[in-house]
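Asker: For this one, chain A is given, so just place chains B, C and D on it according to the hints.
Number of protein chains: 4
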Amino acid sequence: MDRIDEFRKLAPKIIDSSADFRLKSTSLYERYYGREHGRTDLLERFVYGLPERHRESIRSAELVASPGCNATATILALSPLHRRDLIETAVVEVKAGSSEGGNAASDASHHPERSGAVRSYKPTGHRHVAEMIQELPGPAIHFSATSIEMVRGILATCHVFLKEDVSEKDVWKIYREDYSDEPFIRIVKERSGIYRYPEPKLLAGTNYCDIGFERESGSDRLVVISAIDNLMKGAAGQSVQSFNLMLGIDETTGLEFPGLHPI
Amino acid sequence: MDRIDEFRKLAPKIIDSSADFRLKSTSLYERYYGREHGRTDLLERFVYGLPERHRESIRSAELVASPGCNATATILALSPLHRRDLIETAVVEVKAGSSEGGNAASDASHHPERSGAVRSYKPTGHRHVAEMIQELPGPAIHFSATSIEMVRGILATCHVFLKEDVSEKDVWKIYREDYSDEPFIRIVKERSGIYRYPEPKLLAGTNYCDIGFERESGSDRLVVISAIDNLMKGAAGQSVQSFNLMLGIDETTGLEFPGLHPI
Amino acid sequence: MDRIDEFRKLAPKIIDSSADFRLKSTSLYERYYGREHGRTDLLERFVYGLPERHRESIRSAELVASPGCNATATILALSPLHRRDLIETAVVEVKAGSSEGGNAASDASHHPERSGAVRSYKPTGHRHVAEMIQELPGPAIHFSATSIEMVRGILATCHVFLKEDVSEKDVWKIYREDYSDEPFIRIVKERSGIYRYPEPKLLAGTNYCDIGFERESGSDRLVVISAIDNLMKGAAGQSVQSFNLMLGIDETTGLEFPGLHPI
Amino acid sequence: MDRIDEFRKLAPKIIDSSADFRLKSTSLYERYYGREHGRTDLLERFVYGLPERHRESIRSAELVASPGCNATATILALSPLHRRDLIETAVVEVKAGSSEGGNAASDASHHPERSGAVRSYKPTGHRHVAEMIQELPGPAIHFSATSIEMVRGILATCHVFLKEDVSEKDVWKIYREDYSDEPFIRIVKERSGIYRYPEPKLLAGTNYCDIGFERESGSDRLVVISAIDNLMKGAAGQSVQSFNLMLGIDETTGLEFPGLHPI
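Same order as they appear, the protein sequences are chains A, B, C and D. Per the working numbering, the first sequence starts with residue 345, numbered consecutively. Per the working numbering, the second sequence starts with residue 345, numbered consecutively. Per the working numbering, the third sequence starts with residue 345, numbered consecutively. Per the working numbering, the fourth sequence starts with residue 345, numbered consecutively.
Hints in this document: simulated from the structure, not taken from any laboratory. Be aware that one or more of the hints could be misleading.
As a list, the in silico DSS-like pairs of lysine-lysine whose alpha-carbon atoms are at most 27 Å apart [claimed, not checked]:
hint : chain 1 : residue 1 : chain 2 : residue 2
1    : B       : 466       : A       : 466
2    : D       : 368       : D       : 353
3    : A       : 368       : A       : 357
4    : D       : 466       : C       : 507
5    : D       : 513       : C       : 466
6    : B       : 533       : B       : 507
7    : A       : 466       : B       : 517
8    : A       : 507       : B       : 466
9    : C       : 533       : C       : 517
10   : C       : 353       : C       : 368
11   : A       : 466       : B       : 533
12   : D       : 466       : C       : 466
13   : C       : 533       : D       : 466
14   : B       : 507       : B       : 517
15   : D       : 466       : C       : 513
16   : C       : 507       : D       : 507
17   : A       : 507       : A       : 517
18   : C       : 517       : C       : 507
19   : D       : 507       : C       : 466
20   : A       : 533       : B       : 466
21   : B       : 466       : A       : 517
22   : D       : 533       : D       : 507
23   : A       : 513       : B       : 466
24   : C       : 517       : D       : 466
25   : C       : 466       : D       : 533
26   : B       : 513       : A       : 466
So here's chain A without its partners, still in its complex pose (with noise of 0.2 Å):
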């Protein structure tokens, strides 16, 4: 935020990885990072980097901000939800790797400490969560993270409550109307194996999201599951996808790797 003048001077064309400028509202931004935003003026000209929702947007824009690693796996596994005014409320938990961290080693980053750790990152008030409002507008959205054993990646299970009775075979047809074009989502559903839902580890080092769901049966409830490469789709990779979209290059570019297994 502060060194943007000077980085516009540089480029012509400028992805914002940061957190600074993907907030629309002054408001939200005040609310979740607790401090006035310096450069309120550039808000409303960064488009929010998540292609399979702005992609015509980030074609044409000058300035991206690159979604978060969380609000990433939450908002892709609820949008064709959300599209059709199908969620009441929904309750978000997200399982996360220590490179969410960053790179700064602390006492919680130890590794004796943070080693087979389930730890209640933040049970409330994840500044992620103004992402969601943002994009996912109306319903309620509640929050919370939790870091475990692992590096890379993130697990999100999204327990949706339903405005209406869906049941699994059009949800089904829901997600594959919205994603069955997109290059880096992936529906997981299997009946039978050992790999039935998304999982964060076959996806380190790619830029999937990998998207899965069941219907509690006798309730209104919908578990979506999404799975990212927090490092990926959630932070650099995406970042490279919207930059290829910004330079009218094939969209995957440098962003072919399948991921490996075992793993």
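Answerer: Same frame as chain A, but now just chains B, C and D:
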């Protein structure tokens, strides 16, 4: 279940660590276990072996059914709120280690596949939900379990939607009232440091259930977090605790191990 | 071995990733595998598929036997010293991941047992020693393998007792001479930072063999350290490398993945 | 070292867990620690706190220096062979957990970097070698340490080149003679099962040193494997053991924890 008559001839008091006699309701059993119960005549005679709720009954019981691990973590987390009729709905997300899957090797437990997994084990329909319904009747409890990289341990994150506004201070008071005399329940809620909420790795080998919480501002959500060692308070340890009660000896006998740090 | 005639009818060129045809010597095979070899007629016709030692033979070969993973890491580490007759004796200690045990589940690979293991897998008598004896004849090579918490990867720590005094500068020169043109071998030896020696996790998914070393002052010991991904340079990747040579295409085709960091 | 006079005024008996007073020889200290020793007057007055070698001296000592963790694992593994003058040379390879690096966070201990590491910590020149030279004078001991994915624990794989032929049966006899009465040493050598050799994870929290071995056929190598918890027998536990001896109470007081399984 099939051998209970044989066992009863051998011992005057029995603690069953299996899932056969935990439920009082035949229909609840059939719904969650998908088969008929072979010994419905004994269901009412078994006491549900959760000392924090049924201590006096356990003391005089001949037959005790030790609770499931996920049920233990969830019921202990929610019981004080349930007793005061404060729960409208709850979404419970358990993160569990590989020992929960038992000691038989399988494709799913093969180390190269299980290692680093963040695996949606039962997004809906987990059998332990039946025990939660029995012990915490009334509010809808929505349960999902995710297997993570860990051998021992459970962290249950319970998103409780409250019937009435309750401050964090009130929550403190409620849990203290119910649990301050409990030998194996500790309230863990720190303002700073690395271990601000319950952390299952610190409980490995112990019989403790650690409970923490955080109230979401501006909503009706209260996040209650509980941690246990699934092989101790969630299995053998809890059976020993019942055993001690049934024999009239100190409830903590053999369960004094305080845990290791770092681990 | 049993189906080789069948396979030869299907393909003009064969790369065998099993251990059946790696050894030229029937007696060496029998000593380390504890059984008779069923197709001794073919032993001499197979080329040992280590391109850094047998590139020209592989190019023109019809039959290639891909080396074992531990043998690859060890032979590549020691080959430049062996070629110059500098090795008096070597003690090789391999640290290996769980994927080395294959993809069949067993009690030993069951996650709660295998997790966190530091398991002396073969203190003596490992079958891959036969390949080391074949490729590095002369000096005694003492080999032990320890399974550690890792899925992919091998670190071989080779304690070489030198026949004559060689300075670290000389060692640099020797390894550069032999390996500077090799597409998949890198010398890793930094004076500072975290990654001063080869580190297998950085090689996951790659075909690299990273090699470093340190000379013990006041003794005749030189420690040579090599790292590979046992499923790539130690298995499938190396087979692809041979395949590329046999087809006369660029040796690195399909093997360009540079690895992930952090991981 | 700098505060020892202060401490001596406070307590009649002192156990020093630091590395300051472990060595008798000033020159050995200077060679391995790279600085002058500030209190050479006290060196001879400290007893090296390894009860299995110096029990009687510890009982009557006022000043005890607790051994280093790697030195403990190595010396206990080799001592019975050394006492009988059977060691020509030994190559010792220690695999160690992250708690060995201390409790201060650093770039190297930052979880995303330290996780999954197989890091050659000290291929040569480790300070604990000085203690091995002092306690096991004569044969050349070549030592390397590798940091692996583990918090607590050490596995020392000792490749001993024997002066004379000794059968496995003889080795059994030698270790039984020296260690059968030791409260914290166990011989672990099984013909089948998963745990055939010492395994550090089973020792977490305990004061045991488990020792196993395997004789290489056709060579003069004997592999001796020892495991300890570096924070217990390798540090605080061993200090408590000395403390018990110095106070004339049962040597095992406070050290009864038998370990956890699975873990």
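Asker: If a hint holds in the structure, say so; if it does not, say that too.
Answerer: Tested hints:
1. B/466 with A/466: OK: residue 466 of chain B and residue 466 of chain A at ~24 Å, within 27 Å.
2. D/368 with D/353: Distance ~23 Å between residue 368 of chain D and residue 353 of chain D Cα, so the pair holds.
3. A/368 with A/357: Since the Cα atoms of residue 368 of chain A and residue 357 of chain A sit roughly 19 Å apart, the hinted pair holds (cutoff 27 Å).
4. D/466 with C/507: 23 Å, holds
5. D/513 with C/466: OK: residue 513 of chain D and residue 466 of chain C at ~19 Å, within 27 Å.
6. B/533 with B/507: Holds - the C-alpha atoms of residue 507 of chain B and residue 533 of chain B are around 23 Å apart, at most 27 Å.
7. A/466 with B/517: 23 Å, holds
8. A/507 with B/466: 23 Å, holds
9. C/533 with C/517: 13 Å, holds
10. C/353 with C/368: Holds. Residue 353 of chain C to residue 368 of chain C sits at ~23 Å (cutoff 27 Å).
11. A/466 with B/533: 13 Å, holds
12. D/466 with C/466: 24 Å, holds
13. C/533 with D/466: 13 Å, holds
14. B/507 with B/517: Holds, at roughly 17 Å.
15. D/466 with C/513: Answer holds: residue 466 of chain D to residue 513 of chain C is near 19 Å, not above 27 Å.
16. C/507 with D/507: Distance of about 20 Å is within 27 Å: holds.
17. A/507 with A/517: The hint holds at about 17 Å.
18. C/517 with C/507: Holds, at about 17 Å.
19. D/507 with C/466: 23 Å, holds
20. A/533 with B/466: 13 Å, holds
21. B/466 with A/517: 23 Å, holds
22. D/533 with D/507: 23 Å, holds
23. A/513 with B/466: 19 Å, holds
24. C/517 with D/466: The hint holds at about 23 Å.
25. C/466 with D/533: 13 Å, holds
26. B/513 with A/466: 19 Å, holds
Violated hints for the displayed structure: none, as all numbered hints are satisfied.
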